[in-house]
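Here's the letter readout for the chains.
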Amino acid sequence: MSKTVQKSRLSRSRTRSAWLFLAPMLLTLAIVAAWPLGRTIWFSFTDASLDLMGEARFVGFRNYLEYVAWGDGEGQYYGLLADARWWRSVWNTILFAVVSVSFETVFGLIIALVLNQQFRGRGLVRAAVLIPWAIPTIVSAKMWAWMLHDQFGIINDMLQTIGLIAEPIAWTASPDTAMVAVLMVDIWKTTPFMALLILAGLQMVPGDIYEAAKLDGVPPWRVFRKITLPLIMPAVLVAVVFRALDALRVFDIVYVLTPNTDATRTMSVFARENLFDYDKFAYGSAASTLLFLVIALITITFIMATRMDLEGKRS
Amino acid sequence: MATVELKNVSKSYGTVEVLRDINLELEQGEFVVFVGPSGCGKSTLLRMIAGLEDITGGELRIDGQPMNDVLPAKRGIAMVFQSYALYPHMTVFENMAFGLEQARLNKAEIRERVEKAAKMLQIEAFLDRKPKQLSGGQRQRVAIGRAITCDPRVFLFDEPLSNLDAALRVDTRLEIASLGKRLPDTTMVYVTHDQVEAMTLADRIVVLNGGIVEQVGTPMELYERPASQFVAGFIGSPRMNFLNGTVAAAHGAETYGIRPEHISLSPDAGDWRGRVILTERLGSDTFVHVEVDGVGPVNVRIEGRSEVHANDEVHLTPDPASVHLFDAKGRPIPG
Amino acid sequence: MKPPLWQSIGFYILVGVIVLQALFPFYYAILTSLEDGQALFEVNYLPRALNLANYQAMLSGGVFGKQILNSVFVATVVVILSLFLAVTAAYALSRIRFRGRGLLLLTVLSVSMFPQIAVLSGLFEVIRYFGLFNSLWSLVFSYMIFTLPFTVWVLTTFMRNLPIEIEEAAIMDGASSFTIIRRVFLPLMWPAMVTTGLLAFIHAWNEFLFALTFLSTDSQRTVPVAIALISGRSEFEIPWGNIMAASVIVTLPLVALVLVFQRKIVSGLTAGAVKG
Ligand SMILES: Nc1ncnc2c1ncn2[C@@H]1O[C@H](COP(=O)(O)OP(=O)(O)O)[C@@H](O)[C@H]1O
Ligand SMILES: [Mg+2]
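Chains as they are written, first to last, in my numbering: chain A, 1 to 315; chain B, 1 to 335; chain C, 1 to 276.
It is worth saying that the hints were derived from the structure and are not from the lab. It cannot be assumed that every hint is accurate.
Calculated lysine-lysine pairs in the DSS-like style (CA-CA distance at most 25 angstroms, straight line) [as the list claims (entries may be wrong)]:
id	chain 1	residue 1	chain 2	residue 2
1	A	Lys7	B	Lys7
2	B	Lys116	B	Lys132
3	B	Lys107	B	Lys7
4	B	Lys181	A	Lys7
5	C	Lys264	B	Lys132
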């Protein structure tokens with residue numbers, strides 16, 4: 001006797017509704033995400049140009065790496081992987097991501113710890129902290145560009161007043177400080193996000209743990225190291241990964257604050273320049289594809305590593 | 001005519017079988033209670049009758065019609081949920097009218113039906129309130145009212161009293177019992193883990209355990225002639241005493257069962273001699289816990305007051321006509 | 001037990017520093033936007049002038065006004081559209097058990113991790129194909145790539161926590177899935193909708209890369225691009241006063257939203273980040 005699992009009409013109609021309800025969203029995502037991604041990857045293997053996209057021909061890995069022999073035993077590598085400017089952009093991107101996320105984590109943790117205390121005006125402080133996050137990136141870039149202005153900027157004025165520097169610094173124009181400027185603005189703008197995520201983690205730590213520690217006479221610093229930090233670690237890790245993925249695709253701030261300089265050009269900026277400014281559409285697509293691969297790898301690793309609770313079964 | 005028939009009904013979640021081979025016939029107008037320990041599958045069985053769970057094996061018929069593949073709303077069934085499940089953003093009136101609107105009744109008829117049900121449950125005064133503004137008991141009545149308006153053939157309750165406090169629970173229980181009387185043609189199916197609710201409400205009780213039906217019968221049948229040791233232990237309060245060892249062996253059984261109310265206690269003479277461990281005085285009754293020599297702990301129920309105290313020596317005599325004997329598998333041995 | 005005085009003072013100094021660093025750049029932008037001519041090029045820490053010339057310059061030309069309307073239009077339509085698409089999808093993902101649900105959630109989540117640049121060239125082709133280049137609809141359409149996964153995700157999390165019995169009661173009442181969404185869940189979901197809507201609005205309002213790429217004329221641009229492209233004839237003639245005035249204009253609505261809805265925004269931001 002075989003038992004066939006028979007779905008009732010209710011189950012069937014609900015499954016049908018599910019797909020009907022999902023269809024518009026899935027279709028939209030297919031057109032704005034899946035298909036364009038596929039095309040980008042395809043373009044990266046062609047000789048497409050901005051005006052002749054339709055006539056793109058397959059050229060294999062030429063945009064990524066190609067060895068051109070000059071015939072006399074000599075030759076040269078071409079393609080992204082042999083392009084020093086691209087490697088510079090990779091380095092810039094990694095540097096930017098590592099430094100900005102580290103600082104944001106530390107500052108975010110400090111702000112979160114402050115906001116987790118009971119004090120008068122906490123709501124207002126929290127609102128104030130949120131403001132840099134809400135300001136459009138472009139606007140922050142411009143505001144800081146003005147504050148960092150070499151001649152009329154208030155930052156140079158402050159630093160000179162307190163005697164830290166003798167001469168004004170050309171923050172955004174000088175290759176030595178351009179990355180510092182970009183990092184400064186990004187850390188200022190994104191720390192609130194980090195702080196809020198960590199704060200959410202902090203607020204899930206039950207208060208009686210602190211009471212117990214206080215009764216046992218454990219000093220505050222040890223309470224933080226031994227109790228608070230391990231408990232909020234998961235929240236911090238999630239926040240760090242989210243931010244890191246975001247930092248790896250950074251575009252706006254660099255593009256507006258320090259246009260056209262090797263010192264800060266990131267992978268996204270590199271890709272867009274090639275796509276639309278230098279008319280090297282296929283080359284730019286290849287750069288986009290590589291960035292996508294890096295981010296996809298990190299995302300997959302993260303999801304695997306945390307065995308993320310996708311269906312909310314644990315709650 | 002049977003209104004609800006279950007034939008070899010079973011239910012599995014993946015490879016886990018939670019109900020096996022359920023066969024039941026519920027008569028029209030009958031008040032049937034499914035009772036059993038938590039997790040035994042009562043809710044699942046009720047929800048399969050409602051149509052909220054797929055039936056993975058067997059057949060369900062209502063009034064002779066196969067129902068396995070009929071949408072819940074088309075089965076002529078109404079259900080009262082444990083958490084009431086009122087729509088929080090709708091008024092009481094809108095809550096009760098929602099199902100009728102879905103059935104596309106006209107406005108006048110909806111109003112008439114809602115008002116009739118409201119009157120029956122004495123909730124007319126709250127029709128314009130939101131559920132938030134009602135007490136637990138009032139919400140429960142609205143939930144019942146919402147079910148009544150649909151004029152169902154079968155009325156399902158899933159532990160409707162478990163969210164109420166003890167005093168309200170008794171009142172509401174009486175109300176549900178009288179509702180059963182006022183709707184003589186409607187079959188009531190009521191799920192609970194509380195055997196007192198089962199005994200007081202049911203025309204017939206279905207005892208479930210571990211996904212199978214242990215016994216079906218009137219409350220008195222279950223009390224007097226339990227079909228298994230499980231039922232004997234589950235029905236009746238305080239619980240039946242189960243004794244093993246020599247007492248049972250003397251009767252050729254694995255287990256000897258005797259209810260606390262079927263044992264008489266005397267200070268100087270009786271079949272068993274023992275020492276009182278503890279007495280619980282409820283006013284109307286006294287429960288005396290006795291450690292009987294060579295038998296084990298025995299609980300005795302005495303009507304009214306009793307003057308025995310801990311450490312007193314007492315003598316017990318079980319009523320031979322009320323002894324239940326079970327074999328090693330928990331099956332009754334005809335006495 | 002009260003903490004020692006030096007600790008409280010230290011704590012409040014820390015709070016002061018946090019607030020100051022958060023607010024100062026915006027404060028300084030306002031201050032600059034109210035200065036004109038030579039005053040602009042003297043560093044002031046406190047307001048000296050109250051000169052609205054920069055605002056007049058920005059708003060009188062007409063183009064900037066149009067650009068603000070462009071931004072409002074795009075952000076509003078994006079919010080409405082993504083909420084509409086997300087509500088039904090979130091219902092299916094949170095309430096209906098069907099094969100492939102976990103995989104779908106994973107897909108939605110991974111789309112929200114997509115670097116925008118990775119779809120830029122493909123999207124550019126699609127937009128030209130549909131004839132949407134230099135049309136605001138190109139932005140409405142392309143912004144779905146980040147607003148939709150986010151709203152779906154947050155609304156799914158929210159709906160999962162609505163009581164199951166309410167939905168089952170509606171099923172017993174004979175409501176179809178669509179009726180359940182419309183009559184039962186939607187009215188319960190306003191808080192979540194407001195939160196996600198706000199965040200989607202802010203995100204769309206601030207977006208730069210797509211707006212820079214898919215729009216080509218001044219009158220079509222949205223404000224972030226407009227501000228980024230304000231320039232003078234030379235490095236030394238950048239109209240900083242105008243830029244700051246424009247910056248203040250586009251930021252004020254956002255600051256107002258943050259002040260009014262900070263609780264909702266905070267809850268939305270943290271719900272958007274998955275619990276690990
Ligand atoms: N969706 C489900 N998936 C797997 N097992 C389930 C599911 N729902 C219920 N069960 C299992 O079925 C059994 C019966 O559950 P239920 O009918 O709710 O018991 P109760 O008698 O307490 O109402 C339980 O052991 C429960 O764990
Ligand atoms: Mg149950």
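Going through the hints against the structure:
no.	hint	verdict
1	A:Lys7 with B:Lys7	holds, 18 angstroms
2	B:Lys116 with B:Lys132	holds, 23 angstroms
3	B:Lys107 with B:Lys7	violated, 40 angstroms
4	B:Lys181 with A:Lys7	violated, 37 angstroms
5	C:Lys264 with B:Lys132	holds, 23 angstroms
Of the numbered hints listed earlier, those contradicted by the structure are 3, 4.
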